[in-house]
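Undergrad: Each chain, letter by letter, is given below.
Protein chains: 2
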Amino acid sequence: MPTDHIMKTYDDELKRLNNAIIRMGGLAESQVAASIQATVKRDSELAHEVVEQDAQVDALEAEVEALAMRLLALRQPMARDLREIVSSLKIASDLERICDYAANVAKRSIALNQAPVAKPVYAIPRMGKLAQALIKDVLDAYVQGDADKAMHVWLSDEELDELYTSLFRELLTYMMEDPRSITAGTHLLFMAKNIERIGDHATNIAETIYYLIHGTPLKEARPKRDRSSTSVVLPGPVAVATTDSEETK
Amino acid sequence: MPTDHIMKTYDDELKRLNNAIIRMGGLAESQVAASIQATVKRDSELAHEVVEQDAQVDALEAEVEALAMRLLALRQPMARDLREIVSSLKIASDLERICDYAANVAKRSIALNQAPVAKPVYAIPRMGKLAQALIKDVLDAYVQGDADKAMHVWLSDEELDELYTSLFRELLTYMMEDPRSITAGTHLLFMAKNIERIGDHATNIAETIYYLIHGTPLKEARPKRDRSSTSVVLPGPVAVATTDSEETK
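For the record, the sequence lines run as chains A and B.
With UniProt numbering, the residue at position 215 of the first sequence is 215, and numbering never jumps.
With UniProt numbering, the residue at position 213 of the second sequence is 213, and numbering never jumps.
Warning: the hint list may mix true and false statements.
As the list claims (entries may be wrong) - Distance ranges between label pairs, derived from CB positions: (1) B:R16 with A:R180: 53 to 63 Å; (2) B:P116 with A:E162: 43 to 53 Å; (3) A:E177 with B:G215: 54 to 64 Å; (4) A:A55 with B:G145: 27 to 37 Å; (5) B:A55 with A:R80: 24 to 34 Å; (6) A:A73 with B:A62: 32 to 42 Å; (7) B:R42 with A:D11: 28 to 38 Å; (8) A:A115 with B:R42: 27 to 37 Å; (9) A:E52 with B:H152: 29 to 39 Å.
Stated by the list, open to error - Quick look at which bits of chain B chain A covers, simulated, 3 or more residues with Cβ under 8 Å: (10) 79 to 89; (11) 104 to 113; (12) 179 to 187; (13) 197 to 204.
It is worth saying that the hints were derived from the structure and are not from the lab.
The C-beta atom is built at its ideal place from N, Cα and C for all residues, glycine as well.
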């Protein structure tokens, strides 16, 4: 029957869209892992590979967009299907940003390799591991259509924010103690910020999954423990002041 | 006639969506301007206002999303109308990020006000002015449906990238000369990065406008002159090394 055929094609197309998202997610996981690995092992070759792989991510995002537009134009989807398609656009955009941040971490690791090992680099794999777990869990939530799991990711990002804020202060103190470490310290600051932002994008995806499943946007404001924007670290005997205001979401 | 009535409502709804984007754009312009003003005048009160206004931007983005989903579900738009609606989702997301960056600049200006004036702050209004011009021009391109104007914005962002890279190096040297300036220098680094990112989002919007008008995505890679990720600044007699690789888009 032609109707059946049409339905089957429609389902196939939705599945293709889903698969493209899952492939992008897998790539995001491996790009983040490789960028951290490159930093820890001081492996500039691996770092270059991460930077080069980024084009593949952009191509996948373009594929998602083309598929989604096709489905919207030809299938005139409603309700859950419509949310599925619009959500795929949002998730693809977040995954693309995650990969951009991974590529930037990789790029900065190459700059770091031109200087002696900077002690605070030890914190990067800790942050990286947390970020990777957030991406993995949010992708599981997407595949399983599990809004509770997505909410768990949404709440877990707080830990990454806290790690970032404490590393931010440590790096400031580190640079003050030895001005020769300022270039390395600055790259580490931005690398840490990139990883913190990867966590933010994982929580964006969690919010999208919540909306996809429940059909209403998540209203609550997410708890934010990154206070680095208002941190003041003074030189000399360590003095740290932080105002109470929270990072803007 | 009922058909006319339906058409009229549809047009009204598209117009409402358009207006919401234009309002968001206006808010983005004024938030960026106010955050720069707060930094230059060391006006913490104004900075707090910028941070508080951010909730309004989030509300406007939610309004755009709700309107767009409604149009997609009820009107089953095709071709240009469909692109118009999907583009509004993308543009709203970029405008929301621009406002986040403005709020973060404002927040960091409050931290800066706790220390003496940091000399390199002079570069912030220069970067801010450029970023504001990019937002203004890309919004004009949107309102006028002018793809050439959008492409002009897309190319102009290069200047902002160059300003950012040179400020990045200046700030590193500044912090090396006086470790007491490291906290202020770090906040300025992130403020400059935020403004550079605002430019990137203006170019994203330019790309969306190109797609909205031409119906095909822009294929070229944008020239990128931000080389800060690979910059190495050594202490002592100023030595600057920059590899040739370009910032990841």
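Undergrad: Indicate, hint by hint, whether the structure satisfies it.
TA: Right, here's what the structure says about each hint:
For the pair R16 of chain B and R180 of chain A, the supplied restraint of 53 to 63 Å holds, since their beta-carbon distance comes to about 58 Å. A C-beta distance of roughly 30 Å is found between P116 of chain B and E162 of chain A, which places it outside the suggested range of 43 to 53 Å. About 57 Å separates the C-beta atoms of E177 of chain A and G215 of chain B, a value consistent with the hinted range of 54 to 64 Å. Roughly 31 Å separates the CB atoms of A55 of chain A and G145 of chain B, a value that falls within the hinted 27 to 37 Å.
With their beta carbons about 30 Å apart, A55 of chain B and R80 of chain A fall inside the hinted range of 24 to 34 Å. Roughly 25 Å separates the CB atoms of A73 of chain A and A62 of chain B, a value that falls outside the hinted 32 to 42 Å. Taking the beta carbon of each, R42 of chain B and D11 of chain A are about 60 Å apart, not inside 28 to 38 Å as hinted. Distance hint check for A115 of chain A and R42 of chain B: the Cβ-Cβ separation is about 35 Å, which falls inside the suggested range of 27 to 37 Å.
For the pair E52 of chain A and H152 of chain B, the supplied restraint of 29 to 39 Å holds, since their beta-carbon distance comes to about 30 Å. Only residues whose beta carbon comes within less than 8 Å of a beta carbon in chain A count, and the segment 79 to 89 of chain B has 5; three or more means the coverage holds. Counting residues of the segment 104 to 113 of chain B whose CB lies closer than 8 Å to any CB of chain A gives 5, which reaches the minimum of 3, so the coverage claim holds. Check result for the segment 179 to 187 of chain B against chain A: holds, 6 residues qualifying (beta carbon to beta carbon below 8 Å, three or more required).
With 0 residues having a Cβ less than 8 Å from any Cβ of chain A, the segment 197 to 204 of chain B misses the three-residue criterion, and the hint is violated.
Going down the numbered hints, you'll see the structure goes against 2, 6, 7, 13, while the others check out.
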